[in-house]
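Colleague: Just so you know, the sequences run in chain order W and D. Number 215 in this note's numbering belongs to position 215 of the first sequence; there are no gaps in the numbering. Number 107 in this note's numbering belongs to position 107 of the second sequence; there are no gaps in the numbering.
Keep in mind the hints are simulated off the structure, nothing from the lab. Note that this is a predicted model, so its numbers are computed, not measured. Heads up, a few of these hints could be off.
To be verified - Only pairs whose alpha carbons sit at most 27 Å apart, straight line, appear in this in silico DSS-like list of lysine-lysine:
no., chain 1, residue 1, chain 2, residue 2
1, W, K270, D, K332
2, D, K148, W, K300
3, W, K345, D, K270
4, W, K236, D, K56
5, W, K115, D, K236
6, D, K345, W, K267
7, D, K236, D, K288
8, D, K270, D, K324
9, D, K122, W, K300
10, W, K345, D, K300
11, W, K270, D, K148
12, W, K288, D, K267
13, D, K385, D, K345
14, W, K288, D, K270
15, D, K324, W, K267
16, W, K345, W, K267
17, D, K148, W, K267
As the list claims (entries may be wrong) - Each pair of labels, with its calculated beta carbon distance range:
no., chain 1, residue 1, chain 2, residue 2, range
18, D, G408, W, R125, 26 to 34 Å
19, W, P179, D, S322, 54 to 62 Å
20, D, E268, W, R351, 33 to 41 Å
21, D, Q316, W, P179, 31 to 39 Å
22, W, G101, D, E313, 28 to 36 Å
23, D, K321, W, S278, 32 to 40 Å
Where a beta carbon is used, it is the ideal one built from N, C-alpha and C, also for glycine.
The residues making up each chain are set out below.
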Amino acid sequence: MFAVFGGFQSRTGALRPAVFKKLLQRDQPARGPSRGRWVSVSNSGGETVRPLEGIKVLDLTRVLAGPFATMILGDLGAEVIKVERPGVGDDTRAWGPPFVGSESVYFLSINRNKKSLAVDLKNPRGAQVVRELAGMCDVLVENYLPGKLQEMGLGFDQLGEVNPQLIYCSISGYGQTGPQAQSPGYDSIASAVSGMMHITGPEDGEPVRPGVAMTDLATGLYAHGAIMAALLQLQKTGRGGHIDCNLLSSQVSCLSHIASNYLNAGKEAKRWGTAHESIVPYQGFRTKDGHIVVAAGNDKQFVQVCQVLELIELTQDPNYKSNKLRVKNRKKLLQTLSQRFQQEKTADWLRRFEGSSVPVGPINSIREVFSEPQIQASALQAAVLRGRLAAHSARLHDYTSGASHCFSISAHI
Amino acid sequence: MFAVFGGFQSRTGALRPAVFKKLLQRDQPARGPSRGRWVSVSNSAGETVRPLEGIKVLDLTRVLAGPFATMILGDLGAEVIKVERPGVGDDTRAWGPPFVGSESVYFLSINRNKKSLAVDLKNPRGAQVVRELAGMCDVLVENYLPGKLQEMGLGFDQLGEVNPQLIYCSISGYGQTGPQAQSPGYDSIASAVSGMMHITGPEDGEPVRPGVAMTDLATGLYAHGAIMAALLQLQKTGRGGHIDCNLLSSQVSCLSHIASNYLNAGKEAKRWGTAHESIVPYQGFRTKDGHIVVAAGNDKQFVQVCQVLELIELTQDPNYKSNKLRVKNRKKLLQTLSQRFQQEKTADWLRRFEGSSVPVGPINSIREVFSEPQVKHNALIQEMKHPTAGRIAVPGPAVRFSSFPPSGPTPPPLIGQHTVQVLRHTLSYDDGLISTLLESGAVVQNEAF
């Protein structure tokens, strides 16, 4: 009944079927202390109905963009069947350190709320299993090179014959058609090709990539929405369809005003570090023990910054009277402010800014992020709503990233 | 009938009603050259039905995250009524240069497919108009500080009484409740607080922020999905609800494995420039005229890199035989590779890598992005005619559906361009009432229309 996973077996040790069964059961939503509307609300039958309850998702994706999207669909109540090749499974199962027990922490971060079905797609019988599943599922998500699934009899046209209502969401690097359709999708390459790296980095330095694969993640976010759009459309038309999500389009779309500057005014973008091109001071500053970001968007806030920094003379300097002037004379001003900020610790500066109208915040390390009271407030709420998944040998935080789903839905009572 | 907009008047000039009428008409989907499935598929009546056709969205958002979300809903066929305060309107209308004519290029980039209703929410009559609209709409999206709309009688509880099916999506900096709920949401601050800046920047340098506000944009993307999830849920439960999207949660959720490293293994993150912590070579390199990114994920690809660079000796070096060893001895290896890459131009390197299995790509400037054949193929340059700015172009929708074509978009509206239209057609107000509201200043119609 349980497939052998090759090398995987020795790492998992013996699994007691009871433990396994328990892990497979759908968690009952926990009923926690009342927090007004931000706890689960039942329908008249006393059960909580999630938006995608009853929806079956056949998940053929691997790595990040696809699994991130299907994880959110699972959070929303869909049944997600994750198809993995026997032995290796999803590539990220092997990515580490770190591992927790035998589990890759990378894999754990984006694969909750899914069932794993290990199938050899290259075996015709395996492909047939998936074909029949596609006949019973509402959604299929995949991130193969365009054409690859077709070769296995699992392409959009082929499965559409079996199930004309199937919503077939393809995630790729560059799109299903076009000159670069056959280039595999890597976040760092797509981030480079799409302009994201060019605009990220120190003002007089080299381009860098965002510290987490935002191109992949944006694609996953577009995909999760597109799938739900297709579900809504299905209700009107009675038909599914093929969705083309790709890294390039997702990131270029996200360029928004940066792209618009070029397309409409021929204005090329440059790197600004943490600073803002047209507002000063609006950036990060080194402190004695870290960094603080200050966003003084108008003259009143600039004056408050000077007051907090005890640099009142700056408010009298004609070179800094207006934002336009501050932008013009930014170098000197920022030098003065930078020197001052470095004299005190971040926490002290934050305290001193309290009560002012200047938006400020620390540049938090990951440890500091998860110490923020606001995050803990959300985490507590998420735990109340969702319960916890325990791996057999490790305690897994279901709150691996921000309030377990990014939003909570409460019903009108 | 048309209100005066003060300084705005001189900039818009005279507009012919005929032009305006045409712009307001719903564009017929263009039937382009057949691309297999990537053209519109009609229903039996021969019309294209978009996913959110028939859905009305009352959009009280401003700046980036909210407007980005509602723009996508508009792309999907929803009717988006953008509520703006008279005079100023959405903050981004004033953001520039650059401007095209009188239009902020920033505003243009994220506000297509919307109607503009100019309403003074602080005027009780104005608030009443919005309240009645909320009774007729399926979705309301807002990004006020938590509690602010409540003060105007437009909070979730209050509107829920009028319309229990209303989906009320709130977008904020930190959440609807909690110790920081009253902090206004700025992308750079949220990006800092949420850890994004800490992990972005040169390896031995200072943190930087992503060059576009990805925290805002991720929040908008979460919101657009959440709204559709709520529409699906409404069908099961018959009830709407309150959605809490915020910058902090969106960005922290996106930390994914970076966060998981810390939460499960106590592992703090650091900055890596363009490099990868555990794969070498997997990063950007300076070339003679720019930069190239090379992602050699395994030994076979590393050998190919050495071949292309004509540094065959590296394949024999015991220090670089496996990825683990290359990671261990990364400094020396990367120095060698860096020097070699700088000797040729990016285009030459790309050409030489063709046919290999090594993923490579140029670090494109924005101009280079929009010269990429694939970008053009994916219809990412969306052109349209704007009533005052003339021909404009914005980044197109990211996702294509075989079941409907990309919308021939309506251009971003002038402020108050559709005020009377919405009052008349959506709220069915008669002319007398409309005149009264206009005269009171509770609502304003763009005088050019």
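Colleague: Confirm or reject each hint.
Modeller: Hint check:
no., hint, result
1, W:K270 with D:K332, "violated, 30 Å"
2, D:K148 with W:K300, "holds, 22 Å"
3, W:K345 with D:K270, "holds, 21 Å"
4, W:K236 with D:K56, "holds, 16 Å"
5, W:K115 with D:K236, "holds, 24 Å"
6, D:K345 with W:K267, "holds, 24 Å"
7, D:K236 with D:K288, "violated, 60 Å"
8, D:K270 with D:K324, "holds, 19 Å"
9, D:K122 with W:K300, "holds, 24 Å"
10, W:K345 with D:K300, "violated, 49 Å"
11, W:K270 with D:K148, "violated, 37 Å"
12, W:K288 with D:K267, "holds, 24 Å"
13, D:K385 with D:K345, "violated, 39 Å"
14, W:K288 with D:K270, "holds, 19 Å"
15, D:K324 with W:K267, "violated, 43 Å"
16, W:K345 with W:K267, "violated, 38 Å"
17, D:K148 with W:K267, "violated, 37 Å"
18, D:G408 with W:R125: 26 to 34 Å, "violated, 47 Å"
19, W:P179 with D:S322: 54 to 62 Å, "violated, 34 Å"
20, D:E268 with W:R351: 33 to 41 Å, "violated, 24 Å"
21, D:Q316 with W:P179: 31 to 39 Å, "holds, 36 Å"
22, W:G101 with D:E313: 28 to 36 Å, "violated, 42 Å"
23, D:K321 with W:S278: 32 to 40 Å, "violated, 51 Å"
The structure fails to meet hints 1, 7, 10, 11, 13, 15, 16, 17, 18, 19, 20, 22 and 23 from the earlier list, while all remaining hints are met.
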